[in-house]
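Following the hints, position chain B against chain A.
Sequence lines, in order, name chains A and B.
Position one of the first sequence corresponds to residue 340 (the working numbering), numbered consecutively onward.
Position one of the second sequence corresponds to residue 70 (the working numbering), numbered consecutively onward.
Hints listed in this document are in silico derivations from the structure and should not be mistaken for laboratory results.
Values in this document were obtained by computation on a predicted structure and should not be read as measured data.
We put the beta carbon where it would ideally sit given N, CA and C, even for glycine.
Hints are not guaranteed to be accurate.
As the list claims (entries may be wrong) - If you want the footprint, here are the derived chain B segments under chain A, 3+ residues with CB under 8 Å:
| id | region |
| --- | --- |
| 1 | 330-340 |
| 2 | 396-409 |
| 3 | 511-519 |
| 4 | 545-552 |
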Amino acid sequence: MPTLRVNGEQLEAADGARNLLSYLRFDLGLTGTKYACGEGLCGACTVLVDGQALRSCMTSVGAIAGGEVTTIEGLAPGARSPGDLHPVQQAFVEEGAMQCGYCIPGFVMSTVGLLAREPHPTRGQVQEALAEHICRCGTYVRILRAVERAAEGADAVSAP
Amino acid sequence: MSAAGAGLDVYGDVTFGIPDRLRASYRTTTYFNTAPDEPLQRWLTVGADGRVRAFAGKVEYGQGVRSGFAMEVAAELRLPLEAVEVTLGDTELVPWDLGTFGSGSTAYVGLQLRRAAATARQALLDLAADRFDLPTSELHLADGRVVAGGDDARSLGYGELVSDAYRRAEIPEGEVELTAPGEFTVLGAERGRVDAMERVTGAAVYSRDVLLPGLLHAAVIRPPSLGAELTALDAGVAAQLPGVVRVVHEPAGPGRPLLAAVLAESDEQALRAADVVQARWEERPGQPSRWDVPGILLDSARDTMLMQESGDVEAGLEASVRTLEATYYAPYISIAPMEPRAATARWEDGRLTVWAGTQRPFGIRSELASYFELPEAQVRVIAPEIGGGFGGKSIYPLALEAARLARAAERPVRVAFSRTEETQHSTFRPAALVSIRSGVDAEGRLVAWGYEAIHAGERALIGRRGSESPYAAPHQRTVVSSADSPLPVGSYRSLGAAVNHFARESHVDEIAAAAGADPVEWRRRHLEDRRYHGVLDEAVRRFRWSPAAPASGARDGRGRGVAVGIDVGSYVALCVDVEVRGQEVRVERVSAAIDCGLAVNPDGVINQMEGGILQGLGGTLTEAVEFERGVVLNPGFARYRVPRIHNTPRVDVGIVGDPQLRSTGAGELGIVPIAAAVANAVYDATGQRIRELPLQRQLEAVG
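With the rest of the complex left out, here is chain A:
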């Protein structure tokens, strides 16, 4: 039975062939990670595995055995006000970067992954990192602003 860590908790999955997205949503109740296309084309199901953005709908639990999974619920557990949020989540709130919000957890996770490897991304790098995400409400204008705001924050944090 494959073992993995999800949001810091060590778990043993009963079935290595289990789809990772279904495992997170239905077996663990972590419904913040969304199904939208089921073929890795829209990014709604994005989680971090060992810090890297991954499409959970295209992955089995066994394929990431031993890995450390972070879902949207794991970014700032127990946050009660925007001040407690992860800086990327905070930036999305401050820019009002959402409408229906269904795609937003995926965008947030990819952004966290991007800023971890590239704290000062160019507009082109941001667009590349988020090119495989879809927001049908069309809030891209605000999502771009939110990512840039979060990146500026990363600047401030890393500055001496």
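Positioned in the frame of chain A, the structure of chain B alone reads:
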């Protein structure tokens, strides 16, 4: 048409689904889609702790209505936004409502909540006046308390004032004294969403996220093409697979659609079992393909409605010095919300509860009650957060499927569409064909305007919206027809308005170009309604449009375009910059202006405008449903190309208009003029006048 399809009746037949006891008053009220005669306590409660809760039958699917409603209530009760809690879309808790569509939320229910909150404010003041033995003129409201002025400032919290006397307060039938725009603190201010936290932490519960104890997952066996009929079903092997609890097969009958499904303990077990179910289908012969559509529209046009007429178009055309005739075409497009539909149903002691992300919870409740022959009070429909709908989720057959399966299994059941099912088994924005004949005099002034539109589908109202010309002309005639539709059609953001505007605003650009006139100036000369001038002036100012700009007509691959529009009582104008390279149109910049009367939540208005523009770029440039013999060939995002983040132009939006005017819709305006504005810019950039959407498919490579 099935009960589920009746959702489309809502515009044409306002009596649909209205409870009997409300029917008499309903006809006499200006509120076309809710029940304003419900008592104050159904709209708004004040708890003993002073907490204010507002209730509305609208649902939240991205428009930000929860935030707008909270602002309206907070404004009237002089409360901080955080002190107001809004409950939406739960038939057990909220006043009856027709549905969330047609931009009725802020315009009607928001106003009703303001009336309720203003009534509550007055009642609290009157009660406090009694308690303090002071006239209300010496009292004021601050932060959830009624304060008696003077040096010994005494105060009572709202919760302390709530009593039987308060609960008897009624919303007056006539005018209620609302807070004037000049006194707004919360209303009209720049504020974020009240539900943003839940959306960035994953805590928001959408229909797909409703997981109940003992839940079974369903995989429904669906027809491979439109109208196919099941002739044989063998689920013997499927029933033996691990996790499978039951196979349900209820054949079609009078008032009962076919339902065949596998129920299993997990989602994957259900899907695997459904894969091995042997179903034989008899496909309906003669199912059309996408290339048949224009011919079908022309051959089956009927129920022609005269929308406007003055003078004599034929005589006007004869009297014109230059005439123009052109036909415009828009294919079916897919609604493609991010959240494919899902429903979860539970039966308890003969009572049914269904969680379904529908825009019409009360309509769905009626359908369920009627199917199961239950009183409506025995059925509860809860619309959780909805991952996009854009009009399409008024129709929600999954609610009934889940309820039937849960009854058969005697356990809660969840039915969820895959992406392919969401596309293949829902409705589309109707295809449409528009022919326009126009004539101008020697000065380029419009003399004749003849507009004939044919929109696919039975519901003429879909195609009617936005068809009337706002341009002054002595001779004009506008008619709109319905026609057969090879694909099921339904509502989608602005209905036919976006398509009618594509045709009309493209055509007036052609007229202006032929007359050598600047397209902004030409519109100014012909628009009579001053609110059009307000939005056009603002968009032009933001864009820095100059009639003398040399780029115009240079055909260097860079171009600009303009279009104006009206929908749901609001006005809009857009100016766009495009760059055309090869077969790609890049929209670089969009300057927009909207006039929606009082903008309750300006940031929400801007967000909706940006979103409508971005979403509209899909139908403008790339989106079209491919179908052959009743099968959709591009149900997924690989072949159905919607806008992505690298397609994002710079967008700036201005809000103009008179805040004394009542609020009208904001969510459907961005999409209305975008296709024409871009088509006009493509013409400016390339000299190619493209009259068929999506533009990129018709574009001849440039450069």
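How the hints compare with the structure:
1. 330-340: holds (count 3)
2. 396-409: With 5 residues in contact (Cβ-Cβ under 8 Å with chain A), the coverage given for the region 396-409 of chain B holds.
3. 511-519: Our answer is that it is violated, as 0 residues pass the Cβ test (under 8 Å) against chain A, missing three.
4. 545-552: violated (count 0)
Comparing the model with each earlier hint shows violations of hints 3 and 4; every other hint is respected.
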